[in-house]
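*Asks:* Protein sequences, first through last, are from chains B, P and G.
Going by the numbering used here, the residue at position 319 of the first sequence is 319; the numbering climbs one at a time, nothing skipped.
Going by the numbering used here, the residue at position 418 of the second sequence is 418; the numbering climbs one at a time, nothing skipped.
Going by the numbering used here, the residue at position 213 of the third sequence is 213; the numbering climbs one at a time, nothing skipped.
Wrong hints could be hidden among the right ones.
[To be verified] Selected chain P positions facing chain G (Cβ under 10 Å, derived; list incomplete):
{"no.": "1", "residue": "Arg266"}
{"no.": "2", "residue": "Ala277"}
{"no.": "3", "residue": "Leu283"}
{"no.": "4", "residue": "Asp485"}
The hints are simulated quantities; they were obtained by calculation from the structure and are not laboratory data.
Using N, Cα and C, we set each Cβ at its ideal position, and we do this for glycine too.
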Amino acid sequence: MVPASRAPNIKSFLLLFFKKEDLPSGPWRVALARLRQDRAALASAATLVLIIVACLLAPLYARHIAGTDPFRPHLDETVTIGGRTLDILQPADNPLHLGSAPLGPTWHGAYFLGADGQGRDVAARLLYGGRNSLLIAGAATLLCLALAAIVGILAGFMGGVIDQILSRLLDILWAFPVYLLAISLSVVLISQGLHIGPFTIEADSLLLPIAIIGIVYVPYAARPVRGLVLGLARSDFVLAAVALGVPNRRILVRDILPNVASTLLVFAPLIMALNLLTESALSFLQIGVQPPAASWGTIIADGQTLIYTSPIVAIAPGVAIVITVLALNVLGDGLRDALDPRAKLRVRS
Amino acid sequence: MIKFCWAARICRRAAASAAAVLLGLSLARAGIEPSGDRGALMRAHRGGALRLSSYQPSGTIDPQINYESDFWQVFAVTQDGLLTFAKAEDQPGMTVVPDLADALPEITDGGLTYRFHLRPGLRFSTGQKIGVADVLASFRRMFKISGPNVGSWYNILVGADACLATPATCTLAGGIEGDPATGTITLHLIRPDAEFSQKIALPFASILPADTPPSDLGTTPPAATGPYMIASYNPVRALVLVRNPYFHQWSEAAQPDGFVDSITIRYGLQNEAEITAIENGSLDWTSDPAPLDRLAEIGARFTSLAHIHPLLAYYYLMMNTRIAPFSDVRARRAVAFAINRRLVVNLYGGPALGTPICQLLPEGIAGHVPYCPFTLNPGATWSAPDLAQARALVKASGTAGQKVTIVSSDRDIERAIAIYLQSVLNDIGYRASIHSISFNIRDTYLQNSSNRVQIGLTDWYQDYPSPSDFLNVLLSCASFHPGSDASINMSAFCDPGIDARMQQAMQTQSAADWAGIDHDLTDLAPLTTLFQIHRLDVVSARLGHFRFSPLVHMIFSEVWVQ
Amino acid sequence: MIRLLAQRLGQMAFVMFGISVLVFLIFFATPGADPAARIAGRNATPQVLAAVRHDFGFDRPIPVQYALMMKRLFITQDLTSFVNRGEQVIPEIVAGTPVTLSLVLGAAVLWVAGGLAIGITAALTRGTFTDRALMVAGLIGVSMPVFWVGEMANLITQSRLHDTWLFFWVPPLGYTPLTENPFLWLKSMLIPWLTLALLYMGLYGRVLRASLIEAYQEDFIRTARAKGLSETRILLRHALRTSLITCVSLFGLDFGVLVGGGALLTEVVFDLQGVGKLTFDALQNLDLPVIMATVMYASFFVVAANAAVDVAYALLDPRVSTRSV
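So that you can see chain B by itself, here it is in the shape it has in the complex (with noise of 0.2 Å):
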């Protein structure tokens, strides 16, 4: 009868832990607690709020302030600054009437940061890339690490045949050089658009680049939660569970999901900070962001064609870009010290 006299002990035992531990206020309580002693973190949850800000109060910007459509060419146009009526693209003075060079920076509200070889404001396109390059890094983020807990989970907490292929997918997309599968991905799409049965996304749908950024990663997140939950199903409470007839729903509801969760949660600024750099390397490329659609890449790729003459076309999307990814990685390191210092997410680019 060992069995028998064991067995509510053990139940009582887990239903004692599972009310005690109610998940998710205990941990994370202590996690936001731990954050925010860390002033670096903090400083760079500020500086990504005021990007964010910024790029969602462009079109105040553009209207207001600097008074231009940033999405229309002004190849023809003149712009007054401090009372003096400058051309927008100033023609060639040179004997061969070759070139043009677009107005520099004027540092007044209109063409602040000056205008890019369409004639557009540079300050403004800033702005409104920004939107497109935090929009699409961040809906891949979620994408992606939505991905790698469904992948994740199913093969770790399923095992057998499931887990086989799952895995077995999972290499074949993890030993594809990152870059190299979301330009070869990139270059196809962008020509032909995706066409999934009644369903027709556009070549220059945001959602295209979203796909793509959020597949390239799924393996590098998926991988960890798996081997976390793997470890999770075989440890001793979950077994226990599992012998007692708790419903999988719930262990995977209770007890998986809540550590992967966290897990998730620390690789979120991380995945997001590599996000936003394979996005302006695609549209650097021109096979992310499609014109007259701005984003920081696509920015540095007009700048990359006026680089001699107005180089602060090029300078000035990198900046932004190393700026939020550097808040980004900072912030991410920050959630990890507090939430789950094991997780290592480790990418190759």
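Dock chains P and G against the given chain B, drawing on the hints supplied.
*Replies:* Frame of chain B, contents of chains P and G only:
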């Protein structure tokens, strides 16, 4: 047999040059020895290595297959056909002159028979003599390897149909015959073609040794006949030309001897780096266009290094005449009226690099009579856009508010023009968006009717300087092939009446007829031209004697470096 | 051990097979990329197009075309480009390898040296301003898009400051083989090396610092300290030794990816004709045979480096020998 042959050849050569002198043709200069002027220049400037650069190579170096102007420029100094275009500037550079044949063909039977006589005593760079058998084999090889235009240009040879059906066993029976004894070659056509001489003056009809394999040469250098031969070709490193040891100048007009001893075209440098290298003298020339942000610097500080020439080429917008909204001629005309071509030229690099045009025949082509109906004050030339007219036309066509997708390549300049076009289309009442694709698939994508492209930006360069190469090639019913990546009539335009007129004009070669067809097609606007392209060549300070032919562009054998 | 090796080899083969199928499927159905049309030329008639299509075998079923391509890549090794006809793919990769190796080896020396210096300095000055400054600098390095750093480096060294004493020596972009002119090779590679190393230096410094600090918590270090050994000696003899294992395995993986052409963006920005640039050009041309070969090459290095690191671990630590990755 051999003796007789030699005698006959010598006789024939003497007779031919005597005839030329008597007739006072400029061909008389096609003597055996360099003329006095050139001889002196040759003594003063011969030697040295020409260092050129291209970002990307242009594919196979099989002269009977390659269809890229960058390599035609190379073939111009390495290969020869029976005929060729004179290596000369301006209008003379567009005339056909005898090359391996010693005179222009004798055309009989109402244009159905072409008789050539092979110039005797010439050799390939391999040392083999150039004989009648090589000529016959070269024409057959063109079909055996399914050369690009065998179905569209050379299919008028008798026996071509059988060759097109089963290339491997092509004999061109009845289409081509030769007599090794007399050195005569006779071609028979199924119908007269006034442009046939021009078509066989192009690299596709280069004469190669009879034992050249009947498959794409790829990176294996072909045997050369010109002053240079390809020594090596590596598509990711370089193409190297050296002097052909068996070359001697037989005609200065057709194939002048070269000044430099070797020519290297390096691959991989981007145009920013190329221009820097040319300015500081470590490169002599690049085939790539100068980057926009360097133009001002070239125009101001390196004026003497810049050479600008109009090309027989233009940028144009194809508009699919079978898909809304441009199935309505008013919608197409609206676009033609609305575009500010001056601004488009500015995006391309400024007024020096392009001339706004509206018509389909560029300046320099026979039949070009200045015409522009799509401008503020319609007349001979374009002056300014007429947006009011454009909006009215869109309204009248009932297509206002429709969605239009502009397809353009991802090249900086073309993307910039597409963004401008988007703003124009939005201005005149459409809802426009841009679909930008890799430059390398631009034309194949635009051509395939299953991609359902409404409007797209592309360019066209002449193959040979004839009106039909613009009008008939781009807009005849026969150049539209539904569902195929190879369908050069991108607008899917087909007007049997105009087709018939073009067929007739190709026989008569009447400039006035072509001018009429040009103007009528321009009015129908299946495509609208934007500007005629001018080429900017930037060369190193040491590069002298820059000579520019409208067809081959900078002539490699004419420039010197010392 | 042999079982482990065999298992790893089987896995490698499977993964590379999967990738090849993926690449083939991604690029096969792209519109406008019909290789026959591009080969046949812009004015080809349907008849000529059909002849070319038949010649190249584009009219055969897709699995057959896949098998043929694999055969020409791995068995007969005469796979040729669709765009530059006659361009043999394998010799091109062989020719690109020294360029990529030059870039990656030089950069690796710089980033390992820099990473060591940063990691050790930061660990020794833990908690001070120097430590924090180094860590922030390292993080900035990780946060920069490499193509942008390259562009900026070019802007400064090729244009803005090229005529000053600082950068007058920087040669025009492009690669000079080491065997041709060693000095010019060095001069032309220095800026690309720095650019690439900048990215990894900070990362390695941070990883090293973290594992050094972790090692300091271990018992044997405490024992050493108790024995009165000098700090330098503890660091070099004991802590660094254990910490380096992490860094070496990290290095193995990074190096594998980069040698396989992972430095694609750096090669493009500096006009270096390496494997990465070859890949990039092929992608732009949608040149399937070259893409296939370069992706196979790249993934081979990823998989091989990974297997090597795993096997090395297994040798060092028997506990992980059954670990499935």
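*Asks:* None of the hints should be skipped; say for each whether it holds.
*Replies:* Hint check results:
1. Taking 10 Å as the C-beta contact cut-off toward chain G, the hint placing Arg266/P at the interface holds, the least distance being around 8 Å.
2. Restraint check, Ala277/P versus chain G: the minimum CB separation of about 5 Å is within 10 Å; hint holds.
3. For Leu283/P, the suggested interface contact is upheld, since its CB lies about 8 Å from the closest CB of chain G, less than 10 Å.
4. Here the hint on Asp485/P is kept, as its CB sits about 3 Å from the closest CB of chain G, short of 10 Å.
In the structure shown, no violation is registered for any of the earlier numbered hints.
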